[in-house]
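Colleague: All chains, full assembly: derive it from the sequences and hints.
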Amino acid sequence: MKTKILTLSVAVFLLSLFLLFRFYTNAQEKSYNAKISNAKSLIDSGKEATAIYDSLVTEFKRRGNESHLSIKYSFDANGKTFTDDKQIIEAPKVSAFKIVYLPSNPEIHSEDPKGDLEYYKKLNSDKDSGVLAWSLFVGSILVFYFTRRSYINELKEDSFFD
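Using our numbering, the first residue of the sequence shown is number 1, and each one after it goes up by one.
Rather than coming from a laboratory, the hints here were simulated on the basis of the structure.
Here the structure is a predicted model, which means the values were calculated and not measured.
Listed below are the simulated DSS-like cross-link pairs for lysine-lysine, each with C-alpha atoms no more than 27 Å apart in a straight line: (1) Lys98 with Lys122; (2) Lys122 with Lys35; (3) Lys98 with Lys72; (4) Lys122 with Lys86; (5) Lys40 with Lys98; (6) Lys121 with Lys35; (7) Lys121 with Lys98; (8) Lys40 with Lys121; (9) Lys114 with Lys93; (10) Lys86 with Lys35; (11) Lys93 with Lys72; (12) Lys80 with Lys114; (13) Lys47 with Lys122; (14) Lys80 with Lys35; (15) Lys86 with Lys47; (16) Lys47 with Lys114; (17) Lys72 with Lys40; (18) Lys122 with Lys40; (19) Lys114 with Lys86; (20) Lys47 with Lys72; (21) Lys35 with Lys47; (22) Lys86 with Lys40; (23) Lys121 with Lys47; (24) Lys93 with Lys47; (25) Lys47 with Lys98; (26) Lys80 with Lys98; (27) Lys35 with Lys114; (28) Lys80 with Lys47; (29) Lys86 with Lys98; (30) Lys86 with Lys72; (31) Lys114 with Lys72; (32) Lys72 with Lys35.
Pairwise CB distance ranges, derived in the manner of DEER restraints: (33) Leu69 with Tyr119: 17 to 23 Å; (34) Glu90 with Tyr24: 32 to 38 Å; (35) Ile52 with Ala11: 51 to 57 Å; (36) Gly115 with Lys47: 16 to 22 Å; (37) Leu8 with Phe60: 39 to 45 Å; (38) Arg149 with Leu69: 56 to 62 Å; (39) Gly115 with Phe60: 21 to 27 Å; (40) Leu15 with Asp84: 36 to 42 Å.
Just so you know, even glycine gets a beta-carbon here, dropped at the ideal spot from N, CA and C.
Modeller: As structure tokens, this is what we get:
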């Protein structure tokens, strides 16, 4: 029975290492608070503009051979032209679309600030996975340590080592 517990604690330990690795490799993307703040600002004080697609759609490879499309677009704000690009699934059927930008900083803009806000709030709530990973990590070490210790004591008491 104790062998099964030891095996299970090693499996949980490995799972916790995987979860910790995933949590901390995504930590660089955890600047969601700034993105949430930007989305709220766009909702509260953003101005609408019309963005125009560039006629050129570029294809690039990511994650193996999976193809993705990217298209550049531009919009005018505060007397200047701003350009950006976005990933798309298929070539657009229209040449223009609406965006919302911050008048104080048109580099901050979005097609759907409300959708962005919900998306980044959801991603920001994934912080709980770090707590779960650390709990599994510490718990598996404790279970392994105390089970292994009592298992070794039982083996020493057996006449097998005599």
